[in-house]
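Full structure from sequences and hints, please.
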Amino acid sequence: MTETGISRSGKFKVPRVVISAVLLAILFAFYITIQPRGFSTYVMTIWSNQGLLLALAAIAQFFVVLVRGIDLSVGPMIALTNVAASHLLSGSLGEVALGVLLVMIVGTGCGLLNGLAVVVGRIPPIVATLALGSLYSGVALLLRPTPGGDIDETLSDALTYDVYGVPTALIALAIILVLVAIPLRRSRFGMSLYAIGSSRDASVMTGIRVPQVTLAAYALGGFFASLAGLYISMLTLTGDPNIGPSYTLNSIAAVVIGGVALSGGVGSPLGAALGAFILKTISALMFFSNLPPLAQPFFEGAILAIAIALGSLGMLRVRSRLERFL
Amino acid sequence: MTSLVEFSAVSKTYGGIPALTDVSLTIEAGAVHAILGENGAGKSTLMKLLAGVITPNGGTIKVDGVERHFATPRDATALGIVCMFQELSLMPHLTVRDNLLLGDGGPMLRLIRGAAVKAVRASLDSVGGSHIGLSSLVSELPLADRQLVEIAKAIHRRPRLLILDEATAALTAERVETVFAVIRKLRDEGCAILFISHRMYEIDAVADRVSVFRNGRHVETFAAGTRNRDEMIGLMVGQPLTELFPPRVAGPAMSVAPLLSGRGLSWERGLDAVDFDVRPGEIIGLGGLDGQGQQYLMHAVFGVLKGVQGTLTLDGKPLGGVTPRRAKAPGVDIALVPEDRKTEGLILDMSIGENLSLAGLSRKPYGLTKAAGPADVAVARLTERLEIKLKSLDDPVKVLSGGNQQKVVLAKWLALSPRCLLLMDPTRGIDVRTKAQIYRLLQELAGEGLAIILQSTDYEELIHLCHRIYVFYRGRVVREMSGDEVTPDALIAAALNAHSNTAST
Amino acid sequence: MSTTSSSTTGTGRMASWGVDRSVVILLVASVVVLAGAALESPGVLSVNYLLQQLQIAAIVGILATGAMLVILLGQIDLSVPLTITGTAILATSLAGSGNPTLAFIAIPAGLAGGLLIGAVNGLGVAIFRIPAMVWTLAVNAMLLGITVFYTSGAKPAGAPPSLMVFLARERTVGIPNAFLLWLVVGALVLFMLRRTVFGNYIYALGQSPRALFLAGAPVERIIVGVFALAGLLSSLGGLLLVGYANQAYQGMGDSYLMPVIAAVVLGGTSIFGGSGNYSGTFMGAIFITLLASVLSLMQVPDALRQMVFGGIILAMLLIDRARRTP
Amino acid sequence: DTYKPECFSPAKDNQKTIQYDAKKGPYKIALVNGYVGNDWRITAIQSAKAWGARPDNAKQLSEFKVISVGNDSAAQIAAIDNYIAAGYDAIVINAVNPTAFDAVVKRAQRAGVVLVTFDNVLDSDKIVQVNEDQFDLGRMKAQAVVDGIKAAKGDVKGQVLEISGLPGNSVDRDNHEGMHSVLDQYKDLKVVQVVGNWDAGTAEKGTADAIATNGNFDGVMVQEGAIGALHAMQAAKHPVVPIGVDAGNGTRQLAVEGKYPGITAAQAPAMSALALEAAVVLLNGKALPQKVFLPIPNKNNADLVSGKDYFPDLPPNFYTTTGYPQCFPVFTPQELLGQDAQNAE
Ligand SMILES: Nc1ncnc2c1ncn2[C@@H]1O[C@H](COP(=O)(O)OP(=O)(O)OP(=O)(O)O)[C@@H](O)[C@H]1O
Ligand SMILES: Nc1ncnc2c1ncn2[C@@H]1O[C@H](COP(=O)(O)OP(=O)(O)OP(=O)(O)O)[C@@H](O)[C@H]1O
Ligand SMILES: O[C@@H]1[C@@H](O)[C@H](O)OC[C@H]1O
Ligand SMILES: [Mg+2]
Ligand SMILES: [Mg+2]
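These protein sequences, in sequence, are chains A, B, C and D.
Each residue of the first sequence is one higher than the last, beginning at 307 in this note's numbering.
Each residue of the second sequence is one higher than the last, beginning at 17 in this note's numbering.
Each residue of the third sequence is one higher than the last, beginning at -6 in this note's numbering.
Each residue of the fourth sequence is one higher than the last, beginning at 5 in this note's numbering.
A hint or two may mislead.
To be verified - Chain B residues, not near chain C, derived (Cβ > 12 Å throughout):
no., residue
1, E205
2, A266
3, A343
4, L512
To be verified - Taking beta-carbon pairs under 10 Å as the criterion, some of the chain D residues facing chain A (in silico):
no., residue
5, Y87
6, A90
7, G91
8, A104
9, A115
10, K241
I should point out that these hints are in silico values taken from the structure, not numbers from a laboratory.
Just so it is clear, the structure is predicted and the values come from calculations on it, not from any experiment.
Here a beta-carbon is modelled for each residue, glycine too, at the ideal position from N, C-alpha and C.
What follows is the structure in structure tokens.
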């Protein structure tokens, strides 16, 4: 879980998060340069809003991937909570607050259900979340066959603009990351999440309550998916049952770009968030690049592929071929 | 002495097949209790019952005189019973600090404080791990250090009963001594220790009491020192064993041209200008403290490593660009029995037959049908020659005992009629009887002209089997020994001397 | 709770020709689905309806065959949608080019395209050791970009190769040609898996790449080979689809990814690799096709359809689990 | 007193007019399209460009960008936000979701950016919508089918196939509701709905599947992509039944060749050009009705005239309705085909 450190050969290894951060900084600088308006609060704000949304989805994915799972229901959970929000997030302040809570409960509940299917039902995560995701999409469509509904605008304004020139989305992300990082690194619960991803058998032998902690990881995934669902509601002021699909795969891509190992036990929420912002910056960059628009999807894909391949370049440097088959 | 744990008439079956039958045994505080037995005798089963990994089918287990039923390892830990399996309980991607902290089972959500970290450091230091950094990742530690962390982790929980199931199997003599010191200290503080090892000299060194198991039954318990080695082996095997090591056979003359030679072999992470030769019919040993580059040399020769400098010559001709695939190709004919038979040597869920034919598959017309070829005929002969005990070739290989699994690995390679055989700690965790069989086999193979390189953590087997021994330190060969020079003391001294010599420069 | 032994199926006999439990469950489930539908509309029991389903199942089945090979390695191929679409567009534009030479090579070119895409997937996984889930996703994104660019985002021009129309739509002695083609493909793959060295390697690699590498097997080549073969099969499925739909169209592959994976998994192939029987995949494809057809026949609203689809897959996996673990 | 009322005619239920402060040209305008997978959309993009290429209009534009984001509302919001941030004067939107843009509309207004929406319009009364009555379009197609069934059977019963469009978009919703406003009156009529995504390929596969599972139909309605549906019917040797379908060149040819009774009706892809013009007009400071409804180009199949309503010598993917003569000279095929289908500047 500490990604820094001196490797055995004595050479200093650059922490994975730093690589992601530098990559993001470079991409962002590019973006600002070719953005016709240059750097402005508004440009920052919309960049942050778009980034936060995917970052929340990526953090949702992170918790599940951390315990060596995968959550293909992130998108459907986002859609379902978004739809739920469109039914619940209007009215008086109290009603809206209650609505937010209920939406979080819906998301956490979905995550818990995923966890139960995996832990109790012992179905491999990839298929369990695939099947349950289909269920959640169905419920979302049932609750709102076509887009619509009402979302409280004051709340939306508060969360999608800026405070003294600093985008609220960035502030929110910073708070979330700090709140998550501390217990994750410094409590036994947090370390247990890493432990389970690193070696399930060893965790059992160590006396960690593996089933409970794994369940909690899935529930946390659902919780963060609900935050993404809420934030999408803030951005769109509507409930849309079809909003989900791109988030599932993009959350996985973000997590990988951010240095979270799909094999579990490695990575951080900060990494996941950085991965999300990298992806979003790439697509924003495409926008103002002078590439022919029809060629943009290809370059977006190609850059994604290159970013992923770069992350894996280490494999070519591996000196012992056995390390490739850990 | 007070009895801490009491087994009465405990039985355990796996799918109807008995693993432990009607075992009664008491374990006393303040003593090191060794459990002896062949592979499959039920030693690990006994430990797993105590550790709450499995539950008995019959009989009772009392702790402090109270009958207990453990559902999970947590229940056992709560009573101060701590188990050390072979590397099972370390989380590779976590730091040493976190591995140790997680074991002590505090409240889930409270934040860890500095005092807890200090305690971790102290535990690690007390087992001789002061050179290990708390923030190193376990996956980056050499095997021996991992083992120390494992031990520290067990001790960190302040056990009342510490179980070591072959926990020293990967350690060389010097490190074992460190562990023993810890064990003795714990014992003197009143802790009970259950100790399992297949190395007789370790039992001699550390045990206070010895219990022998055979075929899942408790045969006898006696005070250490009241039986000699042969008697103990007799109890384990059920009949007297003539000899563990076959009589020495002289190696080929130095004038015989080497089959395989290495010159100036270097590899950035652990080999430094190593020269070696091995002749047909010769058994050479790689000794020294563990993790000094012996394993890397094996991997370098078999083409596992990338970027190895220096030259390898086979039959006097240079051999370049080796990969495992090329190493085993006809004309080169090198075979490797890897270090960890469960993840490297075998595919546990596949059948014995499939495992036996795995290396030889490439000898079939590529990609075409699996019809029997010469290698398969050889496999059939070898299962007999190696006396592999199996019910059916279609059973998964994981149902075999450790010794028989190792024989499968050997047979799979011998079927290709290699000219050079690389063996990485081939008898680790294997019982005396099987060891003796393997030793005899190796000597026969050498007699037939096979060149053998044997890396081992067991100094006895290096001494008794090898014609020449290269002693490693920090990736270099620091000493070459042969003939009568090779005695236990000389070998250990060489490894340690190398240590102090190099350390002082 | 057994924790120390990681035994998954309890049997190491992967090389048996035997019909396993998944097939029986799927057979029963198919009969139940048909019987249930027959209460509503007895027409589903007509020979013609059933043959029609076999025709559609053939497309799913051929795609599932490729997916199964990859899953046997413990990997997954998410580039299936655009492999289908991309190679379909390639073949139709050649076939409709008006140039007889180009039209003649339309089918081989489409298949070669699939092989090539698969090889690219395999190289990323084998050489860079990028998790297939991410790499194939990136490849999919690039392919999407290429097809968008090539077709200007519109309906691709061209015509279906007449052979594909014949294979996908016509019948021979009353049996859909597509189904016959599937039988041939299935038999070849079954033979490969059971009787060839390559087949043995595939299972072994799924179980333990490390041990297989140390046994001196060409691990990288096997991985690339399997992905290439899977790409080939995806493109064959795509070409059949072209014949059936009479054209190539954007997004034609999108709706196949999930059902295909579901078919393989319901068929008892372990998502972790190393075990699975082709008979299971075969029945899985038929069951999934029947289920989809019956749901649409009964005009179940989309919302409910998704829920039923997810729910049934989940239920069947749970039944299967419950039977496997006493 | 709105601009060119004979062209920008208000919908029956239009409530208000919209006018902004005049800005000095030339303007930076972006067209943000969602889905692009069919001929209609391609022609729409070509039409917008063709309009921009006419010399009088070109003078008004300093920059004109067209982008298609796919059927993803978050991506479309991101695109619009990006253009707002980049200081565009007006943004023309064919929206993938009618309700998801309220927040963006607000952001645009704060930034002083003029928004115009067309085809799949936003459910918003704060910006100008350029469309035709999509509900009525659906109603018209269903009515023609029902009438056809009654003419053939004397009674409206049996089963009909409805190939709907891209879920979540407003045109799909309104067409569907329009169709059902007719169909739901007949208790003995079973409606089998298949999602066709406005795409000929999907429609063809969907029709083939539907015939395979349900047997023959007594009438077929297609929002868009009827070429595929008609092909599938031919392949399945489906009898000729009344249809209510789109007005692509290929569809009309097939309808005439197959002697299908019913109606071909659509909207002109040139609607995009009109929306672009609306944006320029608004930037000029002139007023427009908030909700503009254009007439629905439609023709009974029996009345289709070769060379006037459809063109056997032009490709099937050509769209028969190329403009609104009451607004500006109809685009010639050459003018449209001269524009690359690329979404470029
Ligand atoms: N999980 C299991 N399933 C089935 N049989 C098992 C299982 N574990 C152990 N056995 C069987 O129980 C018997 C006792 O095994 P155990 O592991 O206790 O032997 P051991 O004395 O520890 O051997 P070794 O010296 O190889 O470690 C053996 O016959 C073994 O095959
Ligand atoms: N799932 C299983 N089914 C049947 N037998 C098993 C199973 N798991 C383990 N065994 C048996 O239990 C024995 C003991 O297992 P264990 O894990 O202790 O291996 P081992 O033989 O001691 O090898 P090692 O030297 O690695 O300790 C094995 O030899 C094997 O015979
Ligand atoms: O409005 C529809 C348009 O958006 C779609 O692309 O094609 C068909 C039209 O009816
Ligand atoms: Mg054991
Ligand atoms: Mg053992």
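Now for the hints, and whether the structure bears them out:
Consistency note on E205/B: stated as away from chain C, and its beta-carbon is indeed over 12 Å from all of that chain's, at 29 Å minimum. Remark: the non-interface label on A266/B is consistent with the geometry, its nearest Cβ contact in chain C lying 33 Å away (cut-off 12 Å). A cut-off of 12 Å between C-beta atoms contradicts the statement that A343/B is not in contact with chain C; the least separation is 7 Å. Distance to chain C confirms L512/B as a non-interface residue, since its nearest Cβ pair spans about 32 Å, more than 12 Å.
A least Cβ separation of about 9 Å between Y87/D and chain A falls short of the 10 Å threshold, and the interface hint therefore holds. Proximity of A90/D to chain A holds as hinted, the smallest CB-CB distance being about 5 Å (cut-off 10 Å). Hint on G91/D holds. Least Cβ distance to chain A is approximately 5 Å, under the 10 Å limit. Satisfaction of the interface hint for A104/D is found here, the shortest Cβ-Cβ separation to chain A being roughly 4 Å, below the 10 Å cut-off.
The interface hint given for A115/D holds, since its Cβ lies 7 Å from the closest Cβ of chain A, which is under the 10 Å cut-off. Contact between K241/D and chain A, as hinted, is not supported at the beta carbon level, the nearest pair being about 35 Å apart and thus beyond 10 Å.
In summary, the structure is inconsistent with hints 3, 10 from the numbered list given earlier, while agreeing with the others.
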